[in-house]
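Residue numbers (this note's numbering): 25 to 318.
Watch out, some of these pointers could steer you wrong.
Pair ranges (Cβ atoms, derived) [unchecked claim]: (1) Glu81 to Thr217: 15 to 23 Å; (2) Ala174 to Ala221: 55 to 63 Å; (3) Asp116 to Ala234: 45 to 53 Å; (4) Gln235 to His66: 25 to 33 Å; (5) Asp69 to Glu213: 50 to 58 Å; (6) Arg248 to Trp46: 45 to 53 Å; (7) Leu180 to His57: 52 to 60 Å; (8) Asn60 to Ser129: 52 to 60 Å; (9) Ser157 to Thr51: 29 to 37 Å; (10) Ser254 to Leu180: 44 to 52 Å.
Calculated directly from the structure, the hints in this document are not laboratory data. These numbers were taken from a predicted model, which means no experiment stands behind them. Quick reminder that beta carbons are idealized off the backbone N, C-alpha and C, glycines included.
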Amino acid sequence: MTTSIPSYRLYREESGESGDFWIHSETIPERTHLHNWEIAQHRHDSFFQIFLLTAGEGEIVGEQQVRRFVAPCALFIPPGAVHGFRFSRQIDGLVVTALGDRLASIAAAERRIAGFVAQTRIVALHGEEIDASFAIDSVTRLHEELLGRAPGRMLLLEPLMTAAVVALARADRGVEAASETADDGGRIEALLTMIAAHFREHPPVAFYAAQLGLSPAHLNRVTRAATGFSVQGLAARHVVEAARRDLVFTPTPIQAIAYSLGFADPAYFNRFFRRHAGVTPGAFRERERRRLAV
Numbered sequence: 025m026t027t028s029i030p031s032y033r034l035y036r037e038e039s040g041e042s043g044d045f046w047i048h049s050e051t052i053p054e055r056t057h058l059h060n061w062e063i064a065q066h067r068h069d070s071f072f073q074i075f076l077l078t079a080g081e082g083e084i085v086g087e088q089q090v091r092r093f094v095a096p097c098a099l100f101i102p103p104g105a106v107h108g109f110r111f112s113r114q115i116d117g118l119v120v121t122a123l124g125d126r127l128a129s130i131a132a133a134e135r136r137i138a139g140f141v142a143q144t145r146i147v148a149l150h151g152e153e154i155d156a157s158f159a160i161d162s163v164t165r166l167h168e169e170l171l172g173r174a175p176g177r178m179l180l181l182e183p184l185m186t187a188a189v190v191a192l193a194r195a196d197r198g199v200e201a202a203s204e205t206a207d208d209g210g211r212i213e214a215l216l217t218m219i220a221a222h223f224r225e226h227p228p229v230a231f232y233a234a235q236l237g238l239s240p241a242h243l244n245r246v247t248r249a250a251t252g253f254s255v256q257g258l259a260a261r262h263v264v265e266a267a268r269r270d271l272v273f274t275p276t277p278i279q280a281i282a283y284s285l286g287f288a289d290p291a292y293f294n295r296f297f298r299r300h301a302g303v304t305p306g307a308f309r310e311r312e313r314r315r316l317a318v
């Protein structure tokens, strides 16, 4: 029998509560000690939450797995995510709950942020790191503004919330790594397209790097990680494949093939082809034509 997961507004406050606010903040002990430091699995369909943990440890009990966390850290819970908690008695910190629709404009502005807010996150916060320090300051100030009555505080709440979400996304190394991997995949795709268009011109690595907004060293590093080849190695493979096609399927003289592939010196083309194919162009043509004739 499937257990129904309750949907709450704020922990145990069900949907009959007035919804005339969009953001709320309180200390974590205010709630958890009432429930013996455990919060049963539930979800907030309309809200997201940021937990800023300054002491203690615990576990997030998700729909599929249990994940452990240790302060100092932050927890991000997106709208609709099933979650429960088991906290140590030493737990301390803040929890900010806000309407989920406030995430839409933040996510739309930046793909990395959209990836961050799409799922439950545990973000380690080491104060010496700039983004971690900024995240701690933003959430703390947000809590203080909500408790206070200073002039203009309502004007500060949304910018502070945006700052907190962005800072947490920056501090989350897992998101950064995933995003960089996705970016690198796009760069390799673009690089291969450019090589296919320009390999006969034999441009230097700097040419491709400039088109992609990277340094030559960075592009070579990304390319090796993704393909096992340097940029010039990939370009050489294109040259050799084009030469093989011409040698096997056309009667074009080897010297003319060399010129068509951007080699001013046919002798150098012979050495280049042998280095990459293991045989001279003439020997390759003869061998492959014999195979086709069988």
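Going down the list of hints, with the structure as the test:
1. Glu81 to Thr217: 15 to 23 Å: violated, 49 Å
2. Ala174 to Ala221: 55 to 63 Å: Distance hint for alanine 174, alanine 221 holds at roughly 59 Å.
3. Asp116 to Ala234: 45 to 53 Å: holds, 51 Å
4. Gln235 to His66: 25 to 33 Å: This hint is violated: roughly 50 Å between Cβ atoms.
5. Asp69 to Glu213: 50 to 58 Å: violated, 37 Å
6. Arg248 to Trp46: 45 to 53 Å: holds, 48 Å
7. Leu180 to His57: 52 to 60 Å: violated, 30 Å
8. Asn60 to Ser129: 52 to 60 Å: This hint is violated: roughly 38 Å between Cβ atoms.
9. Ser157 to Thr51: 29 to 37 Å: Violated, at about 21 Å.
10. Ser254 to Leu180: 44 to 52 Å: holds, 51 Å
Hints 1, 4, 5, 7, 8 and 9, counting from the list given before, are not met by this structure.
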